[in-house]
Amino acid sequence: MATKVYMEALSPTMEEGRIVKWLKQEEEPVMDGDVLAEVETDKAIMELQARGEGTLRKVFATEGDTVEVGTVIGVIAAADEDIGEILATVGATEGERRADGDVGPERAASGPDTAAPVAVAGPHGAAAGAPMQRGRVKASPLARRLAKERQVDLRVIQGTGPGGRVVRRDVESAVSGPRHVHAPATGAGYEDAPLSQIRKTIANRLSQSIGPVPHFFLTSEIDMERTAEARDELNNVPDAPRISYNDIIIKVVAQALRQHPECNAWWQDNYIRYFNEVHISVAVSVEEGLITPVLRNAHLKSLREIAAEGRELAQRARERKLKPEEYTGGTFSISNLGMFDVDQFTAVINPPEAGILAVGSVADRPVAVEGTMTVRKRMRVTMSCDHRVIDGATGARFLQTVKRMLENPLAIVW
Amino acid sequence: MPTITYRDALNQALKEEMERDANVFLMGEEVGVYQGAYKVSRGLLDAFGEDRVVDTPITELGFAGVGIGAAMVGLRPVIEFMTWNFALLAIDQIVNSAAKMLYMSGGQIPIPIVFRGPGGAALQLAAQHSQAFDSWYAHVPGLKVVAPATPYDAKGLLKSAIRDENPVVFLEGEMMYNAKGEVPEGEYTVPLGEADVKLEGSDVTLVCHAKTVTVAQRAAQQLAEECGIAAEIVDLRTIRPLDTDAIIRSVAKTNRCVVVEEGWPFCGIGAQIVDYIQLYAFDHLDAPVLRVTQADVPIPYNKRLEKAAKPSPERVVEAVKQITYLD
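Chains as they are written, first to last, in my numbering: chain S, 1 to 414; chain D, 1001 to 1327.
Think of the hints as simulated: they come from the structure by calculation, not from any bench.
Accuracy of the hints is not assured; some may be wrong.
To be verified - With a straight-line Cα cutoff of 25 angstroms, these simulated DSS-like cross-link-like pairs (lysine-lysine) come out: (1) S:Lys24 / S:Lys323; (2) D:Lys1015 / S:Lys138; (3) S:Lys148 / D:Lys1253; (4) D:Lys1039 / S:Lys138.
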């Protein structure tokens, strides 16, 4: 039976895709799962896989073409099969759109609720590292409703119904099940806490006041002398990866979050999810904007690992080769503009995360130390907090831990 | 509480209503001297005499029309068809006269009449005598259609049907007449248009009526024992007016539904129910609504084929497994 090849939604927010390269040519045999083409989405270059086997009889889009998601861009069929009817319909409408309308509702189901700039997969997004389902998602009406209510993106759920249909039990296990496949064997990766009345009131009142995510900001200036020394010494070790301030900050923040789990959380509308694991979203600027690759389980990783992995993720981010699960599911973000000589700034929270740390440059500044003016390496950090989750003192205590650790970097090995 | 048969429950209802209201009378083939082909009218001729228990010739169209005429002038006839298969001859009277009179007289002439008798397949009665006409009559505005599954419901619903001001098609079943159940002594009625949850459950709704209630009950037992699935059984009891609230309430709870009916699939009762469900319970559905019906063929005479053509607990179990995603 002939299989139409559709332009599939290869990222959660993708509306159209550009054919970078056809890896299979017309009249070439294809197996189910073969990569047919490389497609540039709004975020990365992704692989479009075959969903049938036979021969790639016809392609309707040439390299460089940008086509809407849901458009038929090819036909896979047996070598001798009559595909005249498909050719006629596609030819007639010049790129037939999927007629079942599923592209739309699916977007509606995940659209307005997930306002995050990057983590569009929503709270339950790709935290599991689950592969994103591509193209049209088959789901029962009940599963769609539950997914919407609980802000789960249907596309990251593996459907267990007929033909991969997402059914109620799939949504329920996505919400409640152990989702962190990278987790060490310590049980669930997080704990959901129901909202106390006071938390509800804080959430309601502050959202009314300042917008859906009520931010507040805490700034602290940190003495970086000892961290700078430590970094220099580490970088004198031959054949070791270069360690940046940012690597050390990631490590310290991850450690501090383990000590202050109340800042390592997601706002989930009717409860708060506190994570036992720390997944740090690191803002990386790319040509057309920014993206936040996620350093998973940063609290368990050595500085060397963080340095190597961070570099590799950033590199692929700039090449736009990140998979969706690599830039979603973070529990806390760090944004560093120090390399641009920015002294200090405030960053916008990446929901559903509850906090982001904006890191300024490390610079020589005059400071008073024990009554004497002296010059030391100083760095200003500003933490943006979602007030529905984090209160002033809570954030301040976390920031104090970060400051103490950076001022005494030996604390990293605690 | 006494345990009696479905047949005797109907007999009690007729007797009590005839005692209660002198305008109620019974008419049909063999209802008097022979005391009914299925003995539903046993003892009634002796108790009420020939004026109120009237044996007719084999003339379904004729005596149905006589009944409607009697209802027009104020009597409350109960017309017995030996089977609903024979009533095809009378369907013009039922649909064109009984169902239309109130409407076409501008509300002046109500037709308080009950047409009753067994329908559906029994055992090896062959294609012409095994038909379930539930959906045929349910199609017609102006008729009420009732199909009780238990002796309790049979008695309570027949009493309500006789007291109703509208023509009521009352569907019984040869295979149900011997079914036994508890029936309280003394006066009670079961209102028309109210479904009954025969079994509470959480995983799937089985909508059924009349003979298929037993089918659903056996399926539910098998599902509970073999798969740990708790089925909820909604017995419609009245097909028209349909208790859609009861169906939607249950589907909203279980998120899945199988409709079981004795008739053919095309334009069947289940088709109408599925329509209501998709309209009013769309967002509650976790699976398509499936139907278990008679096969889309004339009922075979051959015993094995006949069995295979009828809705069975096995087919219900299979359907439930499919929509609970167990297979």
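Comparing the hints with the structure gives:
no. : hint                 : verdict
1   : S:Lys24 / S:Lys323   : holds (22 angstroms)
2   : D:Lys1015 / S:Lys138 : violated (58 angstroms)
3   : S:Lys148 / D:Lys1253 : holds (19 angstroms)
4   : D:Lys1039 / S:Lys138 : violated (55 angstroms)
Comparing the model with each earlier hint shows violations of hints 2 and 4; every other hint is respected.
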